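Asker: Sequence:
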Amino acid sequence: MPAYYEEKTKTWYCKFYYQDYTGAKKQKKKRGFKLQRDAKEWERSFLEKQQGSPDMLFSDFVTLYLEEMSPRLKEFTVINKRYVINLKLIPTFGNLPLKEIKSQTVLKWQNSMMQYRDNKGKPYSQTYLNCMNRELSAIFNYAVKFYGLKENPCKKTGGMGKQRAKEMEFWTLEEFKKFIDAVKNPQAKMAFKILYWTGIRSGEMFALTADDIDFSTNTMKISKTMHRVNKRTLVTPPKTDNSNRYVQLSQSLADQFKEYIMMYYSMSGNDHLFPFTKFILYNERNKACAISGVKRIRIHDLRHSHVSLLIDMGYSSHIIAERIGDTVQMVDRTYGHLYPNRHKEMADMLNSLI
Numbered sequence: 001m002p003a004y005y006e007e008k009t010k011t012w013y014c015k016f017y018y019q020d021y022t023g024a025k026k027q028k029k030k031r032g033f034k035l036q037r038d039a040k041e042w043e044r045s046f047l048e049k050q051q052g053s054p055d056m057l058f059s060d061f062v063t064l065y066l067e068e069m070s071p072r073l074k075e076f077t078v079i080n081k082r083y084v085i086n087l088k089l090i091p092t093f094g095n096l097p098l099k100e101i102k103s104q105t106v107l108k109w110q111n112s113m114m115q116y117r118d119n120k121g122k123p124y125s126q127t128y129l130n131c132m133n134r135e136l137s138a139i140f141n142y143a144v145k146f147y148g149l150k151e152n153p154c155k156k157t158g159g160m161g162k163q164r165a166k167e168m169e170f171w172t173l174e175e176f177k178k179f180i181d182a183v184k185n186p187q188a189k190m191a192f193k194i195l196y197w198t199g200i201r202s203g204e205m206f207a208l209t210a211d212d213i214d215f216s217t218n219t220m221k222i223s224k225t226m227h228r229v230n231k232r233t234l235v236t237p238p239k240t241d242n243s244n245r246y247v248q249l250s251q252s253l254a255d256q257f258k259e260y261i262m263m264y265y266s267m268s269g270n271d272h273l274f275p276f277t278k279f280i281l282y283n284e285r286n287k288a289c290a291i292s293g294v295k296r297i298r299i300h301d302l303r304h305s306h307v308s309l310l311i312d313m314g315y316s317s318h319i320i321a322e323r324i325g326d327t328v329q330m331v332d333r334t335y336g337h338l339y340p341n342r343h344k345e346m347a348d349m350l351n352s353l354i
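Counting in our numbering, the sequence shown runs from 1 upward without gaps.
Derived by calculation from the structure, the hints in this document are not laboratory data.
Computed from a prediction, not measured in an experiment: that's the story for all the values here.
A hint or two may mislead.
[To be verified] Pairs of lysine-lysine residues, derived as DSSO-like cross-links and limited to a Cα-Cα distance of at most 27 Å, are as follows: (1) K189 x K156; (2) K287 x K120; (3) K162 x K189; (4) K81 x K177; (5) K122 x K224; (6) K25 x K156; (7) K10 x K28; (8) K231 x K287; (9) K74 x K178; (10) K239 x K74; (11) K278 x K177; (12) K239 x K162; (13) K49 x K102; (14) K287 x K258; (15) K184 x K162.
[Said to hold, decoys possible] Label-pair ranges, simulated between beta-carbon atoms: (16) M114 x N230: 20 to 30 Å; (17) N351 x M313: 26 to 36 Å; (18) K8 x R82: 33 to 43 Å; (19) T236 x D20: 26 to 36 Å; (20) E7 x E151: 48 to 58 Å; (21) N244 x E174: 46 to 56 Å; (22) R82 x Q36: 38 to 48 Å; (23) T219 x R82: 31 to 41 Å; (24) M114 x K155: 11 to 21 Å; (25) Q50 x Q248: 51 to 61 Å; (26) P186 x R117: 56 to 66 Å.
Yeah, the Cβ is synthetic: ideal placement off N, Cα and C, and Gly gets one too.
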């Protein structure tokens with residue numbers, strides 16, 4: 001594995017042959033290394049990635065893993081994966097050969113993540129702990145399935161954290177009315193109304209443009225969602241195929257929305273109708289809750305509040321699923337406990353037939 005010195009640039013380079021995935025022999029050349037060992041290390045890392053050996057360093061395998069998974073995933077998902085991997089996995093596992101990472105190492109890492117506290121004494125959330133562990137386990141599963149790793153060391157250690165957030169909370173109609181009366185910022189007020197009265201996701205709301213609203217039919221087209229990751233704004237297709245939908249607005253909400261748009265925007269173009277960040281909503285929520293005395297809930301809980309309202313009005317899980325862009329199974333699983341227990345009513349009706 002030789003490296004070569006380039007007198008003109010005073011740097012080292014490596015040049016070698018390798019076999020690509022089709023079996024074709026190709027030459028690779030990489031310049032610009034300040035040290036000879038850096039050139040040799042780059043060649044070693046490149047060849048190991050081509051061979052896909054469990055002898056690879058974890059950091060090298062992760063690069064290969066992301067390269068191969070990226071075409072199959074949404075850009076937002078890849079960015080999130082890369083963020084968690086670089087920040088939480090590479091510092092511990094990066095310099096270890098894949099096959100030498102044992103369950104004991106994973107267990108120590110899990111313990112350190114669960115014991116972590118920031119400068120305010122706050123730990124990682126249960127869902128974030130679960131996310132980190134799932135990313136690590138997914139990498140090992142990929143290595144087992146495609147690159148000859150004997151076993152996933154995460155299997156013996158078990159999981160970490162919880163997949164679902166804390167139990168959902170929601171506002172009753174009376175609570176929402178108290179809350180919305182206390183919101184002073186007109187843009188945030190309209191955003192809260194849209195979230196509560198339609199049940200759309202906050203990312204779907206932030207992606208809305210004037211072209212998505214048809215006031216002749218009072219419908220709102222949901223065909224995209226907005227994410228903000230690492231100071232980047234991404235607009236992507238929505239979460240699932242079911243999420244592509246048209247949401248019917250009540251006449252009252254449509255009138256308020258039209259007035260809002262005419263006040264702040266022209267009715268043409270692709271300008272976003274809510275051109276601010278979620279932190280504005282957090283701040284306005286906190287202030288309005290303090291003024292109104294209404295309990296503080298998450299922004300996503302406005303979606304739960306809408307579903308709770310529809311259930312209370314007697315609508316079926318089928319029509320609710322269509323409205324919020326989810327499946328009937330998900331609605332039943334997530335909100336089934338909110339439906340009234342009608343077994344007594346059923347028995348009484350059967351009794352009347354006897």
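Asker: For M114 and K155, compare the CB-CB distance with the range 11 to 21 Å and indicate the outcome.
Answerer: holds (18 Å)
Asker: Does the alpha-carbon distance linking K74 and K178 stay inside the 27 Å limit?
Answerer: violated (39 Å)
Asker: Is K278 within 27 Å of K177, Cα to Cα?
Answerer: Satisfied, since the Cα-Cα distance of roughly 21 Å is no more than 27 Å.
Asker: So the hint says 56 to 66 Å: do the beta-carbon atoms of P186 and R117 match that?
Answerer: Since P186 and R117 have Cβ atoms about 39 Å apart, the given range 56 to 66 Å is violated.
Asker: Is it true that R82 and Q36 lie within 38 to 48 Å of each other by Cβ?
Answerer: Taking Cβ atoms as reference, R82 and Q36 lie about 30 Å apart, which means the hint is violated.
Asker: Look at the Cβ atoms of K8 and R82 and judge whether their distance stays inside 33 to 43 Å.
Answerer: holds (36 Å)
Asker: Take the C-alpha atoms of K25 and K156, compute the straight-line distance between them, and say whether it is at most 27 Å.
Answerer: The hint is violated at about 41 Å.
Asker: Compare the distance between the alpha carbons of K239 and K74 with 27 Å, and conclude whether the hinted pair is satisfied.
Answerer: The given pair, whose Cα atoms are some 10 Å apart, holds under the 27 Å limit.
Asker: Take the C-alpha atoms of K231 and K287, compute the straight-line distance between them, and say whether it is at most 27 Å.
Answerer: holds (25 Å)
Asker: How does the Cβ-Cβ distance of N351 and M313 compare with 26 to 36 Å: does it lie in that range?
Answerer: holds (28 Å)
Asker: So if I understand the rule, the pair passes when the alpha-carbon distance is 27 Å or less; does K49 with K102 pass?
Answerer: holds (21 Å)
Asker: Are K287 and K120 close enough, with their CA atoms no more than 27 Å apart?
Answerer: holds (22 Å)
Consistency with the previously given hints fails for numbers 1, 3, 4, 5, 6, 9, 15, 21, 22, 26, ordered from lowest to highest.
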